[in-house]
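Engineer: Each chain, written out:
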Amino acid sequence: MPTHSESAQLDVQIDQWRNFLRNRRAIQAVDVVELEDHLREQISNLTESGLSTDEAFLVAVKRIGRLDALSNEFAREHSERLWKQLVLAPADAAEPQGGIARDAIVVFSLALAAALLVKLPALFGIPMVNANEEFYLRNASLFVLPLLTAYFAWKRNVAPATLRWLAVVFVAAGVFANVALFAHNGTAGMLGALHLPIALWIAVGVAYAGARWKEVAGRMDFIRFSGELFIYYVLIALGGGVFTGFMMMIFEAIGIKLQPFVQSWLIPCGAAGAVLVASWLVEAKQSVIENMVPVLTRLFTPLFAVMLVAFLGTMLWTGRGVGIQRDVLIGFDLLLAIVVALLLYSVSARDPRAPAGAFDVVQIVLIVSALVADLVALWAIGARISDFGFSANRVAALGENIILLVNLSWSAVVYIRFLRGRGSFTSLERWQTGYLPVYAAWAAIVVIVFPLVFRNS
Amino acid sequence: MSEQMEINKDLIAASSTPIVLAILAEADSYGYAILKRVRELSGGRMEWTDGMLYPVMHRLERDGEVKARWEVADNGRKRKYYGITPRGRTRLKDEHKQWQAVDATLRGIWSTRSIAIPSSPLPQGA
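Chains as they are written, first to last, in my numbering: chain A, 1 to 457; chain B, 1001 to 1126.
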């Protein structure tokens, strides 16, 4: 008979073996239970016939078969398990079923509310026509983001103090978007409309991360969420486009034109509601489906790196300077934003403990070449910015450029340190997540301060 | 006498279904006991890798030839029992006929061509 300590030791060994099994996607938890029952009975029979528990464990594990072969055999029988399915019902009954149904009801109610909110101004004499385009553009984020924030605040049980603070932010946003001093101010007003969603997105983040907003991991999750939400939203929009097209076509066939309905109801309401539905899908599928953004990042990081190196090489070879058109700075802003996004999403999907590899080198090449390209552009523009004058547009573009430049420069330093084995990868994560409020702060400055500084420009 | 005869993988795979179904036709059972029974019946000549039984069981379960249920075993652990279904019995009959045909054919060939067949060891233990 095995002694007490022997059986404790055996439990540890079986635990390890079970964990190995669990890592195989084709073998599910119930199968592990079944196999473990087998293993334990085998072991107890072997110990009865005189083997020590250690020996019995080894023999029993060997008889069950090599894990690779076993998992291949399971995969052949259960090939559907290799395609992660989006099951909204929990796979094992550990989670209460009611929670998911309740979640779905809440989300679809909020989506409906967002759809109705979009149509609310029409009730008060601001119909969705071209003359009111600016109004809708300024308020677009306010139709949706408060509801999205409310959803996460409810889901994460956000503390009342945070809740009050979030409410203040959204009320203030409503004021800045609509009070004449800030809103009806030509270019500065339009800039504000573009920057308001960026500033408010951080409020969504605070609700999304809940108590974890102060932690690197909490913010990282919010970054992952944002990326996946974008992908889902684009996919839903594509599906919505196909749906709308078919609907218009078949109604056209019986002589009914749906154009007005589609334009003033279906598209705006659908676009608002889809944000909530997409967010919920991202939440629900988190661990079920492979995240798409890191996959795209892997694909495009080398492409962008090669493109930028080729660009710099061509510039050196031909001696061409950066042409100084009015919009060139915005173009370079977008380039830096994409490089930051590529960096952010490869950071978000990387195992921080993994050693530096070839992909990290590609990443550094990308960052450094983007920095050099941007500096060349800044040099060219800076030399003549006084000729152009400091308009609201140009200052905003310049500010964004500097913010992204600072981010990338320090990222490059931290990354190179990591590559040379002098720092950990987590410091890069910490830098990136710590930087998030900077974007929001700058966006808030553009919304609040610019209309006061650049009057009637 | 103690030479280990290796039955090739394809034969093992092909015969696993009728063997499992036949064992379950005797009585409901679970993985470990099924394997033990296979070992007894074959006198140790059918060496299955234990783990490989389970994908086979799951396939039969999916095809509706066996039905599984969870029970709590004497040792307090959850155990998955399998029982044969009417559909499984039909399949077993079918397999039985097929294997008899194969067996008859082979017997015919062995006797007419009188090929020397090494005598197989008798099943030991039970």
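Hints are supplied without guarantee of correctness; some may be wrong.
Below 27 angstroms or equal to it, Euclidean Cα-Cα: the simulated BS3-like pairs (lysine-lysine) are [as the list claims (entries may be wrong)]:
#1 K1036(B) to K62(A)
#2 K1009(B) to K62(A)
#3 K285(A) to K155(A)
#4 K1078(B) to K1067(B)
#5 K1078(B) to K1009(B)
#6 K1036(B) to K1093(B)
#7 K1097(B) to K1078(B)
#8 K1036(B) to K1097(B)
#9 K62(A) to K1097(B)
Under 10 angstroms between C-beta atoms, here's a sample of chain B residues computed to sit facing chain A [unchecked claim]:
#10 S1029
#11 Y1032
#12 R1037
#13 R1045
#14 M1046
#15 G1051
#16 M1057
#17 G1064
Taking CB as the label site, the calculated pair distances span [stated by the list, open to error]:
#18 E1040(B) to L67(A): 26 to 34 angstroms
#19 E1040(B) to A104(A): 29 to 37 angstroms
#20 T1090(B) to A101(A): 22 to 30 angstroms
#21 W410(A) to K1009(B): 53 to 61 angstroms
#22 K1009(B) to T244(A): 52 to 60 angstroms
#23 E215(A) to A1025(B): 57 to 65 angstroms
#24 K1067(B) to N19(A): 49 to 57 angstroms
#25 Q9(A) to A1025(B): 39 to 47 angstroms
#26 Q9(A) to K1009(B): 55 to 63 angstroms
If you are wondering where the hints come from, they were derived from the structure by calculation, not from laboratory data. Every residue, glycine too, gets a C-beta built ideally from N, C-alpha and C.
Engineer: Please go over all the hints and tell whether each is borne out by the structure.
Structural biologist: Consistency of the hints with the structure:
no., hint, in the structure
1, K1036(B) to K62(A), "16 angstroms, holds"
2, K1009(B) to K62(A), "18 angstroms, holds"
3, K285(A) to K155(A), "15 angstroms, holds"
4, K1078(B) to K1067(B), "16 angstroms, holds"
5, K1078(B) to K1009(B), "31 angstroms, violated"
6, K1036(B) to K1093(B), "23 angstroms, holds"
7, K1097(B) to K1078(B), "36 angstroms, violated"
8, K1036(B) to K1097(B), "25 angstroms, holds"
9, K62(A) to K1097(B), "35 angstroms, violated"
10, S1029, "12 angstroms, violated"
11, Y1032, "5 angstroms, holds"
12, R1037, "13 angstroms, violated"
13, R1045, "16 angstroms, violated"
14, M1046, "14 angstroms, violated"
15, G1051, "4 angstroms, holds"
16, M1057, "9 angstroms, holds"
17, G1064, "15 angstroms, violated"
18, E1040(B) to L67(A): 26 to 34 angstroms, "27 angstroms, holds"
19, E1040(B) to A104(A): 29 to 37 angstroms, "53 angstroms, violated"
20, T1090(B) to A101(A): 22 to 30 angstroms, "40 angstroms, violated"
21, W410(A) to K1009(B): 53 to 61 angstroms, "59 angstroms, holds"
22, K1009(B) to T244(A): 52 to 60 angstroms, "55 angstroms, holds"
23, E215(A) to A1025(B): 57 to 65 angstroms, "59 angstroms, holds"
24, K1067(B) to N19(A): 49 to 57 angstroms, "30 angstroms, violated"
25, Q9(A) to A1025(B): 39 to 47 angstroms, "41 angstroms, holds"
26, Q9(A) to K1009(B): 55 to 63 angstroms, "35 angstroms, violated"
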